[in-house]
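Peer 1: Sequence:
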Amino acid sequence: MTLAPLGITNPFHLATSSEITELQAILRSAGLLGDGKRIAYLGQVDPPRTGPAKATFAERPVSVDRRFRVFIHDISGGVPVDVVVSVDRGEVVSAVELDTAVTGELPVLEEEFELVEALLATDERWLAALKARDLEVSKVRVAPLSAGVFEYAEEKGRRILRGLAFVQDFPEDSAWAHPVDGLVAYVDVVSKEVTQVLDLGAVPVPEEHGNYTDPELTGPLRTTQKPISITQPEGPSFTVTGSNHVEWEKWSVDVGFDVREGVVLHNLAFQDGDRRRPIINRASIAEMVVPYGDPSPIRSWQNYFDTGEYLVGQYANSLELGCDCLGEITYLSPVISDAFGNPREIRNGICIHEEDWGILSKHSDLWTGITYTRRNRRLVISFFTTIGNYDYGFYWYLYLDGTIEFEAKATGVVFTSAFPEGGSDNISQLAPGLGAPFHQHLFSARLDMAIDGFTNRVEEEDVVRRAIGDGNERGNAFSRKRTVLTRESEGVREADARNGRTW
Numbered sequence: 000m001t002l003a004p005l006g007i008t009n010p011f012h013l014a015t016s017s018e019i020t021e022l023q024a025i026l027r028s029a030g031l032l033g034d035g036k037r038i039a040y041l042g043q044v045d046p047p048r049t050g051p052a053k054a055t056f057a058e059r060p061v062s063v064d065r066r067f068r069v070f071i072h073d074i075s076g077g078v079p080v081d082v083v084v085s086v087d088r089g090e091v092v093s094a095v096e097l098d099t100a101v102t103g104e105l106p107v108l109e110e111e112f113e114l115v116e117a118l119l120a121t122d123e124r125w126l127a128a129l130k131a132r133d134l135e136v137s138k139v140r141v142a143p144l145s146a147g148v149f150e151y152a153e154e155k156g157r158r159i160l161r162g163l164a165f166v167q168d169f170p171e172d173s174a175w176a177h178p179v180d181g182l183v184a185y186v187d188v189v190s191k192e193v194t195q196v197l198d199l200g201a202v203p204v205p206e207e208h209g210n211y212t213d214p215e216l217t218g219p220l221r222t223t224q225k226p227i228s229i230t231q232p233e234g235p236s237f238t239v240t241g242s243n244h245v246e247w248e249k250w251s252v253d254v255g256f257d258v259r260e261g262v263v264l265h266n267l268a269f270q271d272g273d274r275r276r277p278i279i280n281r282a283s284i285a286e287m288v289v290p291y292g293d294p295s296p297i298r299s300w301q302n303y304f305d306t307g308e309y310l311v312g313q314y315a316n317s318l319e320l321g322c323d324c325l326g327e328i329t330y331l332s333p334v335i336s337d338a339f340g341n342p343r344e345i346r347n348g349i350c351i352h353e354e355d356w357g358i359l360s361k362h363s364d365l366w367t368g369i370t371y372t373r374r375n376r377r378l379v380i381s382f383f384t385t386i387g388n389y390d391y392g393f394y395w396y397l398y399l400d401g402t403i404e405f406e407a408k409a410t411g412v413v414f415t416s417a418f419p420e421g422g423s424d425n426i427s428q429l430a431p432g433l434g435a436p437f438h439q440h441l442f443s444a445r446l447d448m449a450i451d452g453f454t455n456r457v458e459e460e461d462v463v464r465r466a467i468g469d470g471n472e473r474g475n476a477f478s479r480k481r482t483v484l485t486r487e488s489e490g491v492r493e494a495d496a497r498n499g500r501t502w
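Following numbering that gives the first Met the number 0, the numbering of the sequence shown begins with 0 at its first residue and continues without gaps.
Keep in mind the hints are simulated off the structure, nothing from the lab.
Don't take every hint at face value.
[To be verified] DMTMM-like, lysine to aspartate or glutamate: derived pairs with alpha carbons at most 25 Å apart:
| # | residue 1 | residue 2 |
| --- | --- | --- |
| 1 | Lys130 | Asp172 |
| 2 | Lys249 | Glu406 |
| 3 | Lys225 | Glu327 |
| 4 | Lys480 | Glu459 |
| 5 | Lys191 | Asp87 |
| 6 | Lys138 | Glu150 |
| 7 | Lys480 | Asp461 |
| 8 | Lys130 | Glu192 |
| 9 | Lys408 | Asp461 |
Could you put the whole structure together from the sequences, leaning on the hints where they help?
Peer 2: Listed below in structure tokens is the structure:
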């Protein structure tokens, strides 16, 4: 097999600008990218679970066949295509047409954000609804929201976004503080048609501003805080080799990045004496869904898949030292593709550092008089993304004791609505006339476990009480019950805190 000399020997190497440019040329040459065609997703294809990808970093081959998966959307209404490309071979490996009535729509394009607002700005029904509320269309921002799949037969197979309106009085004004309630529009972004405007009548727009960067609102900043200086005079305890191979305190991992999922951990292993023990083949947050609990016809459809529909990796922030990340920091700058196949670098998109993490273990022995304290630390691999009103931090932690942890941090601004005078069972009040509909943020972790190999199984463990009787006269006995989950359908489980359930 002869491969193009792109010089990449790590199967998990972050995508490069030259690879994205090569991909663009291959797709254009195959007639898959051009006028009216957009890239809705482009990401690396994971290498096989066995073979060169599982070798140690030093043992990896001189060259690898790097493949990428691409979803092509035709903004004029043509059939979308699922494409696999080998950049090393310079060829399209496969191209499969998609039936969106079956597969669902491809992710929302950034250009469709502005398109929804522009189409509504010329729709007579929308303009009449704004006029009835004494609102100027030039001051109305429209949030383009994924529509979900409901009982509307007329929407089947169509690329629909729904628009909710907010008032922005001046460029720095937080529009989220001024929701226009009682009004929603349905827009087909392919036919460029406003299919429906649902107007349930005017509701007062909340007037109190939410501009929390305005000194008039925040008042003077604190002056009581003393500096916290985090220094590592000898440098950090981790090393980064190549573009993304990290080693730290017997841990090794290839830090990947996907435009859909954000940070992806590949090939996570632990050095146990002279044995390199694989732990996880691949770890990521594969989806995040945000269901809302307001039954109003204006918002009852709200149920966003922020990862799959908006691509959290696409909107990853460029991080700043001393604010987003504190300490001795190493940054990785992943490269993604824009909708036209041009490479775009997310500068300092991934932050890697280590933190002191309190006490790992401590004991003062009654009989020996020996005392000891061991401090803990952790390696932190993180990124931040902004999806509309919300900002999310995704943090992966590795600890000295072998613990692997994920933490999601939700910040930004909650999605808002009007708050009715009589109160609501489904909305929290934030300010006079301003509310936040009840909602949840549910994260789905994809963990391809490989503990000492791929022959793994999932066990569920419950704490169980033993009945009072023979061998348990005092009734104090409790034990554990283990259940092996042998298929995916059995893995649909309840988190049962009453029985201390773990997996």
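Peer 1: Each hint needs a verdict: does it hold in this structure or not?
Peer 2: Okay, the hints, checked on the actual structure:
A hinted pair counts as satisfied when its Cα atoms are at most 25 Å apart, and Lys130 with Asp172 qualifies at roughly 21 Å. For the hint linking Lys249 to Glu406, the alpha-carbon distance of about 22 Å falls within 25 Å, and the restraint holds. Distance restraint check for Lys225 and Glu327: the Cα-Cα separation of roughly 19 Å lies within the 25 Å cut-off, and the hinted pair is therefore satisfied. As the CA atoms of Lys480 and Glu459 are separated by approximately 8 Å, the hinted pair is consistent with the 25 Å bound.
Annotation: proposed proximity of Lys191 to Asp87 is violated, straight-line Cα distance about 39 Å (limit 25 Å). Taken as a hint, the Lys138 and Glu150 pair is broken in the structure, with Cα atoms around 33 Å apart against an allowance of 25 Å. Pair hint Lys480 plus Asp461 holds up; C-alpha atoms about 5 Å apart against a cutoff of 25 Å. Under the criterion of a C-alpha separation no larger than 25 Å, the hint pairing Lys130 with Glu192 is consistent with the structure, at around 21 Å.
With a CA separation close to 29 Å, the supplied pair Lys408 and Asp461 exceeds the 25 Å bound.
Hints 5, 6, 9 from the earlier list are contradicted by this structure; the remaining hints agree with it.
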